[in-house]
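Those protein sequence lines, which keep their order, are chains A and B. My numbering numbers the first residue of the first sequence as 1 and each following residue consecutively. My numbering numbers the first residue of the second sequence as 1 and each following residue consecutively.
Where hints are given, some of them may not hold.
The list treats identical chains as interchangeable, and a pair is accepted whether it falls inside one copy or across any two copies.
Stated by the list, open to error - In silico DSS-like pairs for lysine-lysine, Cα to Cα no more than 27 Å straight-line: (1) K140 x K71; (2) K71 x K282; (3) K166 x K2; (4) K291 x K146; (5) K140 x K331; (6) K214 x K171; (7) K52 x K230; (8) K277 x K140; (9) K264 x K281; (10) K277 x K264; (11) K189 x K140; (12) K281 x K186; (13) K146 x K281; (14) K146 x K282; (15) K357 x K214; (16) K277 x K214; (17) K171 x K347; (18) K214 x K2; (19) K277 x K71.
No lab work stands behind these hints: they were computed from the structure.
There are 2 protein chains.
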Amino acid sequence: MKNFPIAKSRRLRSTPYTDRIERQGVSSYTVYNHMLLPASFVSAEVDYHHLKEFVQVWDVAAERQVEISGKDSAQLVQLMTCRDLSKSKVGKCYYAPIIDGQGNLVNDPIINKLAEDRWWLSIADSDVIFFAKGLASGNKFDVDIKEPDVNILAVQGPLSDQLMSKVFGEKICQLKFFNFDYFEFKGVKHFIARSGWSKQGGFEIYVENAEAGKDLYDYLFEAGLEFNVKPGCPNLIERIEGALLSYGNDFDNRDNPFEANFEKYTNLDSEVEFLGKERLKKIRNQGVTRKLMGVKIDHNQIDMYCEKTLFDDDNNIVGFVRSATYSPTFKKVIGIAMINKPYWNSKNSFKIEINEKIHLGNICDLPFI
Amino acid sequence: MKNFPIAKSRRLRSTPYTDRIERQGVSSYTVYNHMLLPASFVSAEVDYHHLKEFVQVWDVAAERQVEISGKDSAQLVQLMTCRDLSKSKVGKCYYAPIIDGQGNLVNDPIINKLAEDRWWLSIADSDVIFFAKGLASGNKFDVDIKEPDVNILAVQGPLSDQLMSKVFGEKICQLKFFNFDYFEFKGVKHFIARSGWSKQGGFEIYVENAEAGKDLYDYLFEAGLEFNVKPGCPNLIERIEGALLSYGNDFDNRDNPFEANFEKYTNLDSEVEFLGKERLKKIRNQGVTRKLMGVKIDHNQIDMYCEKTLFDDDNNIVGFVRSATYSPTFKKVIGIAMINKPYWNSKNSFKIEINEKIHLGNICDLPFI
Numbered sequence: 001m002k003n004f005p006i007a008k009s010r011r012l013r014s015t016p017y018t019d020r021i022e023r024q025g026v027s028s029y030t031v032y033n034h035m036l037l038p039a040s041f042v043s044a045e046v047d048y049h050h051l052k053e054f055v056q057v058w059d060v061a062a063e064r065q066v067e068i069s070g071k072d073s074a075q076l077v078q079l080m081t082c083r084d085l086s087k088s089k090v091g092k093c094y095y096a097p098i099i100d101g102q103g104n105l106v107n108d109p110i111i112n113k114l115a116e117d118r119w120w121l122s123i124a125d126s127d128v129i130f131f132a133k134g135l136a137s138g139n140k141f142d143v144d145i146k147e148p149d150v151n152i153l154a155v156q157g158p159l160s161d162q163l164m165s166k167v168f169g170e171k172i173c174q175l176k177f178f179n180f181d182y183f184e185f186k187g188v189k190h191f192i193a194r195s196g197w198s199k200q201g202g203f204e205i206y207v208e209n210a211e212a213g214k215d216l217y218d219y220l221f222e223a224g225l226e227f228n229v230k231p232g233c234p235n236l237i238e239r240i241e242g243a244l245l246s247y248g249n250d251f252d253n254r255d256n257p258f259e260a261n262f263e264k265y266t267n268l269d270s271e272v273e274f275l276g277k278e279r280l281k282k283i284r285n286q287g288v289t290r291k292l293m294g295v296k297i298d299h300n301q302i303d304m305y306c307e308k309t310l311f312d313d314d315n316n317i318v319g320f321v322r323s324a325t326y327s328p329t330f331k332k333v334i335g336i337a338m339i340n341k342p343y344w345n346s347k348n349s350f351k352i353e354i355n356e357k358i359h360l361g362n363i364c365d366l367p368f369i
Numbered sequence: 001m002k003n004f005p006i007a008k009s010r011r012l013r014s015t016p017y018t019d020r021i022e023r024q025g026v027s028s029y030t031v032y033n034h035m036l037l038p039a040s041f042v043s044a045e046v047d048y049h050h051l052k053e054f055v056q057v058w059d060v061a062a063e064r065q066v067e068i069s070g071k072d073s074a075q076l077v078q079l080m081t082c083r084d085l086s087k088s089k090v091g092k093c094y095y096a097p098i099i100d101g102q103g104n105l106v107n108d109p110i111i112n113k114l115a116e117d118r119w120w121l122s123i124a125d126s127d128v129i130f131f132a133k134g135l136a137s138g139n140k141f142d143v144d145i146k147e148p149d150v151n152i153l154a155v156q157g158p159l160s161d162q163l164m165s166k167v168f169g170e171k172i173c174q175l176k177f178f179n180f181d182y183f184e185f186k187g188v189k190h191f192i193a194r195s196g197w198s199k200q201g202g203f204e205i206y207v208e209n210a211e212a213g214k215d216l217y218d219y220l221f222e223a224g225l226e227f228n229v230k231p232g233c234p235n236l237i238e239r240i241e242g243a244l245l246s247y248g249n250d251f252d253n254r255d256n257p258f259e260a261n262f263e264k265y266t267n268l269d270s271e272v273e274f275l276g277k278e279r280l281k282k283i284r285n286q287g288v289t290r291k292l293m294g295v296k297i298d299h300n301q302i303d304m305y306c307e308k309t310l311f312d313d314d315n316n317i318v319g320f321v322r323s324a325t326y327s328p329t330f331k332k333v334i335g336i337a338m339i340n341k342p343y344w345n346s347k348n349s350f351k352i353e354i355n356e357k358i359h360l361g362n363i364c365d366l367p368f369i
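So that you can see chain A by itself, here it is in the shape it has in the complex (with noise of 0.2 Å):
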């Protein structure tokens, strides 16, 4: 694959973080969120084993929040999403799929519930700030909406609470999964949840006084090296291997929750109002025709540009690989892909297309591990 660099402008933001992880050998960008991130360091496979292993402090600044806020924020919160939030609490985090009118997704958030009257929705690749806007003009609702300078960085990996619990104290140890909480790092008190894009273990902190935020970044690797703590990001074999989903790459506003297997977070019973939830209720009666699911394929490499088509033996569509990586774990290429009903058994087989050579492969299950 031949690398073509980055135009860097004030378009694709730098982040408060961006002098040091190039200092550090960032060796590779995405965009998201109009904003630089990360997308690997030593490579995807050494970053992997060793997120796998240690500790590793991410620039995710690009995971960006919507405030929402306000006597109706409650109201237009919910608007957004299917899945019912009439009990949450503040201090604790909702993975919570938002829906538009006609119940296809526009991002896959999390929820912060900060205050009954005061929500971060930390977002997803898609501008959720405008749809906010848009369905507050349209409904009067008494709200403010911005995107605060708030630049999370991630600590993840199995060596994670010894790094934080050193950094902030023992009784970070003891937030709850999906959990946040105030801790104090010289003086400054760093809004944190038990949370983060791996299924290593892990915290998120978000930093909201960015020259607070660089000292933390430089005393988490000061404090980090008896843990082995190395710079990271989100990582594609690991993600993929435990079936974190990416608007954008597995699931987009083309395709409904049901397909992307959110059911769970898709309230359709509960009494409170959201977006399509009639349509949904539709979709939900006559059942989808396609969703995601994984694919192993016996090969030892892909790029993925834009989604790759598999076939059955007769030539006809099984589906549409979305997301694939090599994973050193399974010694083959693994991929999210949306499969047609007909192929939905995890014994079927298909081919796809390899740089103009065809491999063959297999659905099953998600996640991989």
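Here the structure of chain A is known, so what remains is to put chain B in place on it, guided by the hints.
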């Protein structure tokens, strides 16, 4: 400046022409509307000189369309822009700032009126589709909103008319600036506008059939041999010299249309209803305290990752440069900057730090050429 490769994925969508521009030597990419947009071929400077003398074909598929159709489509489109569209005509293109309820900018598309009840917003880099969907839901408008699979090819440069008339016939030369019509190539009708993101003249071909588009792409290079056609892309030097503004670079959702010099398109005394109208009237009455102006800096190089601060002799803030480049025409760095009111006099000078050295510059009016 160190180069960082872009990590490709389905989320950063390729275009139907990506294979072709990579074979032709694209040398860097940016990301625009979640899609790959070429940023240079030989180099910004070599591309610039060629663009001003000959003709180029550009893959600008990243200029995505938001299609708004249906009974209430005209009402929704008008609600989104401060430009009075009440006298708009089918077959014409309208440069029109999109404004939120707070009177701030969301995007600056060209709005193409396809029919009284069908519009294409040819957008800059933000998800206008979700703003439109939010407004439509909130206002219960009877509209259909989608992103059609349109992949624009631009033909730009002083020899554009010669190349285009060779391919589409003489009649295309009669097309007026910011008008569109349909023209045939090999039995396929293409929507073509006299428009484009350069001041060198040219056309934009809104390709709706990707296969026909690839065929047309190849033929443009075949037919263009005699005009010294080359592949190209929106050129940083040419667009700054001509003050073609870029959403996300020169202005964003923290700026209002008066600060971005959009007075001409801000029709507050019209009868039409649009978002932020009352707010914008207040801003007009109070007057703005900063606005976009040009800057010239006595230096031969600048890298822009984020805005850079300008200071006066007493170290007061003069403003912030948002886009800048070395201009071979002016033999210095030129840029677009948000300048504070006390410094609007175009004779004002300032200091700026570039790579840890102080350089001097002057405020000037836009455009440069």
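* Asked: Hints broken by the structure, by number, lowest first?
  -> When the structure is compared with the hints, numbers 3, 5, 11, 12, 16, 17 turn out to be violated.
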